[in-house]
Amino acid sequence: MTAALVLIAVVTLATAAVALSLRNLIHSALLLIASWFGIAAFYLWAGAEFVAFAQVLVYVGAVSMVVLFAVLLTRRSRADTVIAPDSLARAISAVITGVAVFGVLVAAILKSSLGRLSPAGVPALPGGTSVSPVISAPTATVREIGIQLMSTHAAALIIIGILLTVALLGAVILAAQDGPESKQESP
Amino acid sequence: MSLDPLPLCLLFSSALFCLGLIGALARSNTILVLLGIELMLNAANLNFIAFWRYGPATSPATGVMFVMFSIAVAAAEAAVGLALIIAVYRHQKSIRLQEANRLKG
Amino acid sequence: MNLAVIPVAASVSEWSDSFLERLPLFARDWMTSWLPEPWRWLVNSLLSIAVILSVFGLLFAYVTLAERKILGRIQNRPGPNRTPIPFTKLRFFGLAQPFADGVKSLTKEDVVPRGADHLLHFLAPVVLLAFSILTFAVIPYGRHLVPVELNAGVLYFFAAGAATELAVFMAGWASRNKYSLLAAMRALAQLISYELPLLLAWVPVVLVAGTLSTTEIVAAQSGWQFNVIPHWYVFTPWGAAGFAIFMIAALAESNRSPFDLPEAESELIAGHLTEYSGFKYALFFMAEYFGMIALSGMAITLFLGGWHAPSPYLEFIPSYVWFMGKLSVLLLGFIWIRATFPRLRMDQLTRFAWKFLVPLALINLGNAAFWSLSLHWSGPFQILRWLISVLVVVGPFVLLGRKLSAGVAPRVYRYAV
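As they're listed, the protein sequences go chains A, B and C. Numbered according to our numbering, the first sequence spans residues 1 to 187. Numbered according to our numbering, the second sequence spans residues 188 to 292. Numbered according to our numbering, the third sequence spans residues 293 to 709.
No lab work stands behind these hints: they were computed from the structure. There may be inaccurate statements among the hints.
When the alpha-carbon atoms are kept at most 25 Å apart in a straight line, the in silico SDA-like pairs for lysine to any residue are as follows [claimed, not checked]:
1) 111(A) / 193(B)
2) 400(C) / 569(C)
3) 647(C) / 162(A)
4) 400(C) / 353(C)
5) 470(C) / 27(A)
A few chain C positions that, by computed beta-carbon distances, are all more than 10 Å from chain A [to be verified]:
6) 323
7) 328
8) 503
9) 522
10) 672
All residues carry an ideal CB built from backbone N, CA and C; glycine is no exception.
Whenever a hint applies, use it, and build me the whole structure from the sequences.
Printed below as a string of structure tokens:
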């Protein structure tokens, strides 16, 4: 179990790291898509099937297309997708910041008692509640997700629908060319 | 060191988050900054699912709900961000962040 | 089996245990019985993968032959009939033609442009084929024959299908050819436009069946009305409309005529496939045919009752034979449509998807909701229910069709005499 998690983590982190450091934009985008697949694999490992398939459908099926179209629409020539190297000082300061944040997060995770077994054999959570030592996987069947969406979170569902409509209409308006003389393009 | 699964998952998502942070800070190409931000959002979703799987038992689908809404919002934000990039490109003919400084000084 | 009395099965349980139904399971258990328990699961999975690949690989080969023969006959010519069976001189209706095609494409020189992105150029057909084959995992081929039983099976199928669009982009980009890139963008626009009607067409099915699992959707279509009409969703008004929309969108998603702009020879040579030759070209077409077969399989699962027999008296024929029969009928329909309709232009294609199919699919969703809410109307109200449902299907179709084709002159056919 943990071996699979370590493998998924290594693959995802490796592809994400290489994606953000390449100079060819298209290769970066495609490697990031591979890291999204890795994240979907993590969701499958954790037992959230529905979220995994939704992740593939939304990110790999749609957001990737938007990213690739944007890369192709914002270049002046074929060679433009290979970008100039960035300044070293900026990269070094970014790495220092990132490593500092990572250090803070790692310290917080390792010092806390989340998921850690206390000497009595029962994990202690802050606040004194405790859970059973063997945490069985919660099942979120599609039926339960549907019922929750329609009853408890119905307002959030409708608001998300409105938000998506407004966002995509806005994106089309932003990216469309003004002026009657130019061709109408949409992303 | 032998870690329980929950701290391992949290370490994974923190590492991914910091990778996205470094990418968003270090690159000067707007699209790569956006990709870094998407990576950070994905790392937060990983966190949610890790706690849904190994955290204390709440209602069975809350973590999944949150992640679904987060994926939807992230997709909308990616679309709007990339439309903005296209609009800015049309204006200044390049997508380097340093060149979007017309209001400077 | 005493054939003098053929039982009328009100429930299907007596045939689910018949010998022919369980034959694949017996064969598999006989082959793996000597293995220890944890290995058995792995070998079972590998066996089902091998069976699917071989069965659908052979089906792909013979569908290409059937297509060429049937297209030929419709066009008043015999189609390929010269290939002899290997090592003999027997020419038997060209049945060895697929193997000749395979040998040809394997031995052709693999030309890759010098400036092309070699890794992406190689990966594009691989990724396309991988995701096309992944979609075969959730289709129930028979009563006990589903490779992976997933709770969200339908969503998995369409998620894997959406990932194939990436490969089209990779193919167009990696060729370092501006016409390939343009054609890949057009192909992507077509695929994205028709993804929406495809997804909206099966949402009513999930609404009425109440589940995303393919096996449960098939189980929800069991039984017969008055022992004659099956409960398949295609025999309801919204189901017929949904099936039609699904098949049209499936034609477009697998780049089949009349939506084959991406691979037409008069359009930018071969579109995003221009710089591919030999086996990689064959892999693209294999992926297209696999996509066609998988979408037909999903249409059968969602609308045509899966592996159910159309009549209770015909249940002695095993379920996988019924599935293959329905699959053959749908594939013949695909081939027939290819022979009959002229190709659509790009703007006609996108206009058709966005302005016609999407509103109709949304109205169909409302229709299905009405259908499931009016399930318990009694007696003569059932006729009213059917009437309203049919009107909600036919009315918008006629009105929208008239409005969209207004201002276009009626078509005049002039035949060469």
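Hint-by-hint comparison with the structure:
Between residue 111(A) and residue 193(B), the direct Cα distance comes to roughly 13 Å. Compliance with the 25 Å bound is thereby established for this hinted pair. Taking the CA atoms of residue 400(C) and residue 569(C), the gap is about 7 Å. The hint holds against a cut of 25 Å. Of the supplied pair hints, the one linking residue 647(C) and residue 162(A) holds, its CA atoms being roughly 21 Å apart against a limit of 25 Å. This hinted pair checks out: residue 400(C) and residue 353(C) have alpha carbons roughly 18 Å apart, not beyond 25 Å.
Of the supplied pair hints, the one linking residue 470(C) and residue 27(A) holds, its CA atoms being roughly 18 Å apart against a limit of 25 Å. At roughly 28 Å from the closest C-beta of chain A, the C-beta of residue 323(C) stays outside 10 Å, upholding its exclusion from the interface. Here residue 328(C) stays apart from chain A, with its beta-carbon at least about 21 Å from theirs, past the 10 Å limit. In this structure residue 503(C) is not separated from chain A by more than 10 Å, as the shortest Cβ-Cβ distance comes to only about 7 Å.
The claim that residue 522(C) lies off the interface holds: its Cβ sits roughly 26 Å from the closest Cβ of chain A, which is beyond the 10 Å cut-off. Here residue 672(C) stays apart from chain A, with its beta-carbon at least about 32 Å from theirs, past the 10 Å limit.
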